[in-house]
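Engineer: The chain contents come next:
Protein chains: 2
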Amino acid sequence: MHIEIQRKAEIPLSKQIYLSIVDHIRSGLLQEGVQLPSVRELSKQLEVSLVTVVKAYTKLEQENFVTSIQGKGTFVKANRKEIVDRQKEVHSYNWQLSVQDYLPRSQFAQFHHAPEKIHLSSSMIDPGLLPNRYLEREIYQMLSENPRILSQYGEIQGDEQLRNAMYEYVKEFEAPTTPENILVTSGSQQGIDLVARTFVGPGDVVVMEAPTYPGAIDVFRGRGATILTVPVDQDGMRVDILQNLCDKYKPKVIYTIPTFHNPTGAVMTFKRRKQILNLAQSIQSIIIEDDPWSEIYFDKKPPASIKSMDQYGHVVYVKGLSKTLAPGCRIGILAASGSIFKRLCAAKANTDLGSPLLTQKSILPFIKSKKMIDHTKKLRTALKIRRDLVLELLSKHAPFEVSWIIPKGGLNVWISLPSWIDTNHLLLEAKKQQLTFLPGSACYPVELENHHLRLSYSYMSEQLLHEGVTTLCSIFHSVISSKKQHDNSPFF
Amino acid sequence: MHIEIQRKAEIPLSKQIYLSIVDHIRSGLLQEGVQLPSVRELSKQLEVSLVTVVKAYTKLEQENFVTSIQGKGTFVKANRKEIVDRQKEVHSYNWQLSVQDYLPRSQFAQFHHAPEKIHLSSSMIDPGLLPNRYLEREIYQMLSENPRILSQYGEIQGDEQLRNAMYEYVKEFEAPTTPENILVTSGSQQGIDLVARTFVGPGDVVVMEAPTYPGAIDVFRGRGATILTVPVDQDGMRVDILQNLCDKYKPKVIYTIPTFHNPTGAVMTFKRRKQILNLAQSIQSIIIEDDPWSEIYFDKKPPASIKSMDQYGHVVYVKGLSKTLAPGCRIGILAASGSIFKRLCAAKANTDLGSPLLTQKSILPFIKSKKMIDHTKKLRTALKIRRDLVLELLSKHAPFEVSWIIPKGGLNVWISLPSWIDTNHLLLEAKKQQLTFLPGSACYPVELENHHLRLSYSYMSEQLLHEGVTTLCSIFHSVISSKKQHDNSPFF
Numbered sequence: 001m002h003i004e005i006q007r008k009a010e011i012p013l014s015k016q017i018y019l020s021i022v023d024h025i026r027s028g029l030l031q032e033g034v035q036l037p038s039v040r041e042l043s044k045q046l047e048v049s050l051v052t053v054v055k056a057y058t059k060l061e062q063e064n065f066v067t068s069i070q071g072k073g074t075f076v077k078a079n080r081k082e083i084v085d086r087q088k089e090v091h092s093y094n095w096q097l098s099v100q101d102y103l104p105r106s107q108f109a110q111f112h113h114a115p116e117k118i119h120l121s122s123s124m125i126d127p128g129l130l131p132n133r134y135l136e137r138e139i140y141q142m143l144s145e146n147p148r149i150l151s152q153y154g155e156i157q158g159d160e161q162l163r164n165a166m167y168e169y170v171k172e173f174e175a176p177t178t179p180e181n182i183l184v185t186s187g188s189q190q191g192i193d194l195v196a197r198t199f200v201g202p203g204d205v206v207v208m209e210a211p212t213y214p215g216a217i218d219v220f221r222g223r224g225a226t227i228l229t230v231p232v233d234q235d236g237m238r239v240d241i242l243q244n245l246c247d248k249y250k251p252k253v254i255y256t257i258p259t260f261h262n263p264t265g266a267v268m269t270f271k272r273r274k275q276i277l278n279l280a281q282s283i284q285s286i287i288i289e290d291d292p293w294s295e296i297y298f299d300k301k302p303p304a305s306i307k308s309m310d311q312y313g314h315v316v317y318v319k320g321l322s323k324t325l326a327p328g329c330r331i332g333i334l335a336a337s338g339s340i341f342k343r344l345c346a347a348k349a350n351t352d353l354g355s356p357l358l359t360q361k362s363i364l365p366f367i368k369s370k371k372m373i374d375h376t377k378k379l380r381t382a383l384k385i386r387r388d389l390v391l392e393l394l395s396k397h398a399p400f401e402v403s404w405i406i407p408k409g410g411l412n413v414w415i416s417l418p419s420w421i422d423t424n425h426l427l428l429e430a431k432k433q434q435l436t437f438l439p440g441s442a443c444y445p446v447e448l449e450n451h452h453l454r455l456s457y458s459y460m461s462e463q464l465l466h467e468g469v470t471t472l473c474s475i476f477h478s479v480i481s482s483k484k485q486h487d488n489s490p491f492f
Numbered sequence: 001m002h003i004e005i006q007r008k009a010e011i012p013l014s015k016q017i018y019l020s021i022v023d024h025i026r027s028g029l030l031q032e033g034v035q036l037p038s039v040r041e042l043s044k045q046l047e048v049s050l051v052t053v054v055k056a057y058t059k060l061e062q063e064n065f066v067t068s069i070q071g072k073g074t075f076v077k078a079n080r081k082e083i084v085d086r087q088k089e090v091h092s093y094n095w096q097l098s099v100q101d102y103l104p105r106s107q108f109a110q111f112h113h114a115p116e117k118i119h120l121s122s123s124m125i126d127p128g129l130l131p132n133r134y135l136e137r138e139i140y141q142m143l144s145e146n147p148r149i150l151s152q153y154g155e156i157q158g159d160e161q162l163r164n165a166m167y168e169y170v171k172e173f174e175a176p177t178t179p180e181n182i183l184v185t186s187g188s189q190q191g192i193d194l195v196a197r198t199f200v201g202p203g204d205v206v207v208m209e210a211p212t213y214p215g216a217i218d219v220f221r222g223r224g225a226t227i228l229t230v231p232v233d234q235d236g237m238r239v240d241i242l243q244n245l246c247d248k249y250k251p252k253v254i255y256t257i258p259t260f261h262n263p264t265g266a267v268m269t270f271k272r273r274k275q276i277l278n279l280a281q282s283i284q285s286i287i288i289e290d291d292p293w294s295e296i297y298f299d300k301k302p303p304a305s306i307k308s309m310d311q312y313g314h315v316v317y318v319k320g321l322s323k324t325l326a327p328g329c330r331i332g333i334l335a336a337s338g339s340i341f342k343r344l345c346a347a348k349a350n351t352d353l354g355s356p357l358l359t360q361k362s363i364l365p366f367i368k369s370k371k372m373i374d375h376t377k378k379l380r381t382a383l384k385i386r387r388d389l390v391l392e393l394l395s396k397h398a399p400f401e402v403s404w405i406i407p408k409g410g411l412n413v414w415i416s417l418p419s420w421i422d423t424n425h426l427l428l429e430a431k432k433q434q435l436t437f438l439p440g441s442a443c444y445p446v447e448l449e450n451h452h453l454r455l456s457y458s459y460m461s462e463q464l465l466h467e468g469v470t471t472l473c474s475i476f477h478s479v480i481s482s483k484k485q486h487d488n489s490p491f492f
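Protein chains in written order, with my numbering: chain F, 1 to 492; chain S, 1 to 492.
These are computed hints drawn from the structure, not numbers from a lab. Incorrect hints may appear among the rest.
It does not matter which identical chain is meant; a pair holds if it fits inside one copy or across any two.
For lysine-lysine, the following DSS-like pairs were computed, each having C-alpha atoms within a straight-line distance of at most 30 Å [claimed, not checked]: (1) K117 - K59; (2) K342 - K44; (3) K248 - K271; (4) K370 - K77; (5) K484 - K371; (6) K15 - K342; (7) K368 - K77; (8) K72 - K378; (9) K59 - K342.
Full structure from sequences and hints, please.
Structural biologist: In structure tokens:
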């Protein structure tokens with residue numbers, strides 16, 4: 001088990017150790033019953049004092065993540081029998097726990113396939129709203145005309161026809177580039193990862209919004225970056241605070257989701273977009289502009305992308321089509337210029353030698369024929385209905401201590417609860433009632449905030465959405481009212 | 001431009017700088033006419049003496065990679081006009097050259113789509129030998145039964161049915177594991193990359209065969225690993241030398257291609273497989289066993305995989321199906337156990353959230369129905385014919401100074417020329433004659449050997465193979481005889 005600690009960070013070392021172990025347990029990387037390293041071992045490994053480790057372990061025990069057994073050691077929470085069984089079972093792999101890894105948390109990755117009935121956790125679109133039958137017919141035709149697509153590697157940069165079509169598509173929402181400057185990726189996740197593996201090394205400073213997309217946090221942490229955060233308000237990333245950080249730390253990469261920010265839904269103003277680009281130019285930084293769903297707007301078209309103003313190649317624009325078209329194909333693009341683009345193409349070669357030709361050709365006719373434009377229109381209508389439903393239910397049923405931001409587009413509502421509520425605990429309750437959401441702490445790169453949650457309204461049918469939001473509100477009520485009883489009780 | 005230097009390596013720093021810049025130029029990352037940093041700048045950036053940089057630049061100029069222009073600087077080789085044009089053109093992206101990257105060479109990645117007529121460079125199988133029509137029909141059926149495959153994310157670990165089928169398939173050639181311990185990857189390249197990104201960090205020691213698969217070199221260099229090499233003889237990696245290295249450096253990862261080694265074709269003996277596993281156990285290292293094509297054997301079945309003997313989870317077995325079944329689908333697997341497996345699954349989530357469901361389901365029926373077994377039988381026959389043709393032509397036409405290893409399986413012949421011949425230069429000549437091969441230097445992680453080349457006999461038709469090998473032999477003849485004339489000339 002590798003535990004990252006940053007000696008320069010403002011978070012106490014014991015808390016960093018605590019958080020890292022919690023990550024490992026939540027992600028299932030440390031299973032129930034597994035023994036943690038002894039206090040002495042860990043203090044030696046991390047070069048910290050015994051007291052620091054003891055503090056972390058005590059907090060873990062208080063929070064019910066681990067159990068200490070006198071004379072035996074500290075174990076990930078389970079009952080005693082499980083610990084004994086587990087020790088027998090893993091005996092032969094014990095050596096593996098001493099292999100250092102460079103892996104960040106990834107605890108919510110497994111949610112897609114969780115057994116609960118109502119998923120409000122994943123920003124995915126209801127398969128019923130996606131054009132499967134269209135794509136299916138087009139795949140038949142494409143393969144019967146050219147079955148050799150199955151037996152060829154594509155170009156590393158991506159299929160030329162698809163790059164042309166994507167160029168036309170992104171032009172529609174003002175993210176100009178050229179087909180030569182587009183690289184096809186396996187989803188936008190890979191686009192972010194390619195920038196990180198090419199330009200970010202241990203100790204390099206990366207700035208992210210807080211909260212932000214959890215998958216991106218993991219990528220930068222995995223590169224050993226020092227992550228600094230900037231809060232988000234209704235106009236997007238707080239550029240005034242970013243300015244201060246840039247002056248002081250000269251970050252290598254600034255990661256932002258300017259349009260329908262994940263998770264808050266905020267839209268960065270045009271003015272801030274210009275400011276952030278100017279900043280990047282002045283300190284020679286790279287901006288990753290992540291655009292998961294700017295075409296899903298409910299009122300008016302959002303401002304033009306930062307990329308569209310970028311004359312000197314500071315912006316790497318990253319766009320996925322997994323959400324809005326065909327998750328089963330996992331296609332995204334990135335657009336960049338100059339030597340940065342060339343280096344990203346070389347990184348793509350190292351990663352997987354290029355995305356599969358089959359998946360690229362499968363979505364090509366749809367995008368080329370402008371059906372994609374019509375399809376996104378329909379998506380806007382369908383998702384607006386679902387968003388409205390959720391907002392209406394929240395207004396009607398949520399306790400007055402609960403607040404949320406009205407999203408003008410995208411797939412999520414960001415909900416804030418009183419600060420004493422930990423949505424990680426709330427999730428356990430929700431799961432009992434066949435419901436999932438994304439606890440807000442997953443979206444914070446450094447100093448966690450536990451009292452938010454992200455609710456995705458795009459995946460469930462209206463009926464299940466209704467049931468889910470109503471149940472969630474009743475969970476909110478019961479938690480808040482039980483605390484009130486507590487507080488009023490003379491015996492406490 | 002980021003230049004890796006290893007102060008502890010036995011290669012002089014000036015040579016390391018030279019090699020790194022050559023990599024950048026060959027890969028196209030540094031284009032013709034681009035200006036290199038000044039001697040002073042580079043010496044400051046790398047913290048080396050001015051003399052060291054001057055030595056590297058002088059060598060680059062001698063070898064015709066760069067031109068110095070008095071009072072202007074050092075430029076990647078081009079004519080003066082190109083330099084001037086180029087300077088104008090890249091002006092706005094000049095800032096990008098100061099962005100450090102962590103990128104290794106990847107210079108041969110673009111070969112797949114080179115314009116030459118006869119490709120002896122890439123280890124790919126002739127599309128005419130792959131079952132495109134079969135797969136096509138199966139894709140039709142699969143999609144008409146379940147079009148929602150297009151609109152779903154798969155499991156991060158990979159489709160369960162495919163994992164079951166792959167389990168049955170790899171069992172056939174004695175690489176036992178369980179379906180639960182299989183992770184579906186985007187080709188074997190990604191399998192190697194996942195291990196590297198999870199367990200290899202800056203300065204960690206990785207042992208590789210020399211020569212070895214270039215794509216794996218790039219991955220480990222990209223992680224900042226210290227690479228040590230072990231030579232290969234006809235029985236595979238020299239385990240005696242490995243033993244010495246392990247005693248001294250305790251490598252974290254040992255990367256090997258035991259069966260039909262790429263590029264030499266060597267097969268590691270059963271005895272050495274056991275030894276290497278024992279070694280890894282004794283020093284708690286991870287072995288990556290890369291198995292690109294063990295099912296393509298011409299005489300007898302190769303020894304069982306190292307994985308099949310692995311009781312304690314030291315081996316990560318990596319297998320691609322891109323070569324042998326459907327490059328257009330880019331499917332591979334890795335098999336590992338215990339916490340190492342869990343950590344690799346988490347890394348897969350970070351990389352791309354799971355391979356596309358479409359490509360996985362596309363090859364599923366073929367593998368499940370055992371058609372794959374019949375197909376590999378046919379491949380063995382067809383590729384044996386091509387190998388025999390190449391060996392026959394080499395025997396007949398190659399100069400007696402040229403030698404090669406007879407491959408007992410796989411897709412390549414490794415050809416050695418007299419040590420004064422640099423196959424990178426030879427390649428330029430070959431390209432003029434519409435021919436490509438892989439220069440041997442690409443396969444060496446540390447101390448390059450320039451007088452070998454890899455010839456792949458799997459991609460071209462027999463007719464083009466005939467033409468290609470004959471042409472190649474005549475190039476050998478002309479290079480060798482011109483040198484002889486040289487040597488005999490009284491005027492030199």
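Engineer: Pop the pair K117 and K59 into one bin, within, between, both or neither, using alpha-carbon distances up to 30 Å.
Structural biologist: This pair counts as neither: shortest intra-copy Cα distance 33 Å, inter-copy 67 Å.
Engineer: Can you give me the call for K370 and K77, within, between, both or neither, at a CA distance of at most 30 Å?
Structural biologist: So K370 and K77 fail the 30 Å test inside a copy (54 Å) and across (44 Å) alike.
Engineer: 30 Å Cα cut-off: does K484 pair with K371 within a copy, between copies, both or neither?
Structural biologist: neither (54 Å within a copy, 66 Å between copies)
Engineer: Between the shortest in-copy and the shortest cross-copy C-alpha distance, which are at most 30 Å for K59 and K342: within, between, both, or neither?
Structural biologist: between (47 Å within a copy, 25 Å between copies)
Engineer: Checking K15 and K342: alpha-carbon separation at most 30 Å within a copy, between copies, both or neither?
Structural biologist: Between copies only: 25 Å across, 41 Å inside.
Engineer: Which holds for K368 with K77 at a C-alpha limit of 30 Å: within a copy, between copies, both or neither?
Structural biologist: neither (53 Å within a copy, 40 Å between copies)
Engineer: Please sort K248 with K271 into within, between, both or neither, judging by C-alpha distance up to 30 Å.
Structural biologist: Classified as within: same-chain Cα gap 23 Å, cross-chain 59 Å, threshold 30 Å.
Engineer: Evaluate K342 and K44 at a C-alpha cut-off of 30 Å and name the case that applies: within, between, both or neither.
Structural biologist: between (43 Å within a copy, 25 Å between copies)
Engineer: How would you classify K72 and K378 at a CA-CA limit of 30 Å: within, between, both, or neither?
Structural biologist: neither (60 Å within a copy, 58 Å between copies)
Of the hints listed earlier, those the structure fails to meet are numbers 1, 4, 5, 7, 8, in rising order.
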